[in-house]
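There are 2 protein chains.
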Amino acid sequence: MRTADPYKAQHRRRQILGAAVECFARHGFHATSTAQICAAAGMSPGNLFHYFPSKAAIIAAIAEQEQDNMLRLFERWSAAEDALGAIEELALAMMALSSDPLQARISIEVAAEATRNPQVGALFAANEAQVKAGLAVLLERGMAAGQVDPQLDPGKAAVWLVALTEGAIARVVLEPGFKAREHQPMLRQIIRRFLRPQPLEPG
Amino acid sequence: MRTADPYKAQHRRRQILGAAVECFARHGFHATSTAQICAAAGMSPGNLFHYFPSKAAIIAAIAEQEQDNMLRLFERWSAAEDALGAIEELALAMMALSSDPLQARISIEVAAEATRNPQVGALFAANEAQVKAGLAVLLERGMAAGQVDPQLDPGKAAVWLVALTEGAIARVVLEPGFKAREHQPMLRQIIRRFLRPQPLEPG
Chain Z
1 MRTADPYKAQ HRRRQILGAA VECFARHGFH ATSTAQICAA AGMSPGNLFH YFPSKAAIIA
61 AIAEQEQDNM LRLFERWSAA EDALGAIEEL ALAMMALSSD PLQARISIEV AAEATRNPQV
121 GALFAANEAQ VKAGLAVLLE RGMAAGQVDP QLDPGKAAVW LVALTEGAIA RVVLEPGFKA
181 REHQPMLRQI IRRFLRPQPL EPG
Chain Y
1 MRTADPYKAQ HRRRQILGAA VECFARHGFH ATSTAQICAA AGMSPGNLFH YFPSKAAIIA
61 AIAEQEQDNM LRLFERWSAA EDALGAIEEL ALAMMALSSD PLQARISIEV AAEATRNPQV
121 GALFAANEAQ VKAGLAVLLE RGMAAGQVDP QLDPGKAAVW LVALTEGAIA RVVLEPGFKA
181 REHQPMLRQI IRRFLRPQPL EPG
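Which chain is which? The protein sequence lines are Z and Y, in order. Just so you know, UniProt numbering puts 95 at position 95 of the first sequence, and the rest follows in order with no gaps. Just so you know, UniProt numbering puts 153 at position 153 of the second sequence, and the rest follows in order with no gaps.
Hints were generated in silico from the structure; no laboratory data involved. Any given hint could turn out to be false.
Which copy? The list can't say, so a pair holds if one copy fits it or any two copies do.
[Said to hold, decoys possible] Derived lysine to aspartate or glutamate pairs resembling EDC-like cross-links, with alpha carbons at most 16 angstroms apart:
hint, residue 1, residue 2
1, Lys156, Glu182
2, Lys132, Glu75
3, Lys179, Asp100
4, Lys132, Glu175
5, Lys156, Glu175
6, Lys55, Glu22
Since the model is a prediction, treat every value here as computed from it, not as a measurement.
Please construct the entire structure, taking both the sequences and the accompanying hints into account.
Laid out in structure tokens, this is it:
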């Protein structure tokens, strides 16, 4: 019988997920076989199935990792004094996370899978709801502090901040030669111009 | 031997593409078999292969259809007197095109496939290059007319306009209950606030 060494088990799980991410990014979820993941991880199928009973379980674990990354970002920024600055930093950090093309391709795979696989869809929806709620809280704090246009609907504005960062992730994957770092100033500019109070809003 | 009736052939091709789009949106490109497409189109494999020699050829035809839709939009708006208004209308029209969830899912499938399949990738890149060049021309016209902030880099701003509309497409697919129509005013607002001349740009 296997003895449970929690440290070793966690290390193994990470090793499998790393190998799976490489395979999925290259071939997509559906075209990747568990045999390919085993080969990339240097493990036997029996060993792999000890940690993840199915390919679906690996995909769900990757979606959970994405959620954890996002929550850690929010923990870091949600208490910042400067709410508008925190929103900008969050958007830049999300773009930086995805400036690794492997990570960005996996984000698109997870998104595509979320539309087809109810388990991944539920994880994805929960993740998104948390991100949008967190952004809406920051927007409301920014409004109270006079940094954010109080005429904006915080819920709707949060949706568009998410859309903007997703668009940035899509650029990393789809645009050959897109350098996230070069585009950071313009992302900051779009967010600032969109959110700040508009003293002279025309028409 | 088959006789070539161009009208009938075009009708058949459309019929196959419509059936394929439904299958792909539901299962993804890789998990869809040509047998499923035949069944959905009500055709024998021999008949289907007469029009499309492979699943890859069907995928390429769908990517070409997307490109045609985009080019038609540009033909309609690129000569408009009001360049800033034309940019807003283009973005809204792209969001409207993708407010059909089937179409939006196919857009994400094509994007994911573009990262893996060089033929689709080349089509996709050509499409994108044309869209960005068209937007940059409109931005420059808007700058000359005093409608668009002349300090913006037209090429970079075009990239972010594309990112914004891609983000909107992602919302249609990924956000249960997202109503494109309700979000049109905010998309217009983001674009306008981002692009217009900034008389009082702070620090």
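Going down the list of hints, with the structure as the test:
With identical chains, the CA atoms of Lys156 and Glu182 are at most 16 angstroms apart between copies only, with a shortest distance of 9 angstroms across copies and 28 angstroms within one. For a Cα distance limit of 16 angstroms, the shortest separation of Lys132 from Glu75 inside one copy, 14 angstroms, qualifies, whereas the shortest one across copies, 36 angstroms, does not. For the identical chains of this complex, Lys179 and Asp100 are intra-copy neighbours only, at 10 angstroms inside a copy versus 31 angstroms across copies, given an alpha-carbon limit of 16 angstroms. For the identical chains of this complex, Lys132 and Glu175 are inter-copy neighbours only, at 11 angstroms across copies versus 26 angstroms inside a copy, given an alpha-carbon limit of 16 angstroms.
Only between protomers do Lys156 and Glu175 lie at most 16 angstroms apart by alpha-carbon distance; the minimum there is 12 angstroms, versus 28 angstroms within a single protomer. Proximity of Lys55 to Glu22 under the C-alpha cut-off of 16 angstroms is restricted to the intra-copy arrangement: shortest distance 14 angstroms within a copy versus 25 angstroms between copies.
Hint compliance for this structure: every hint is met.
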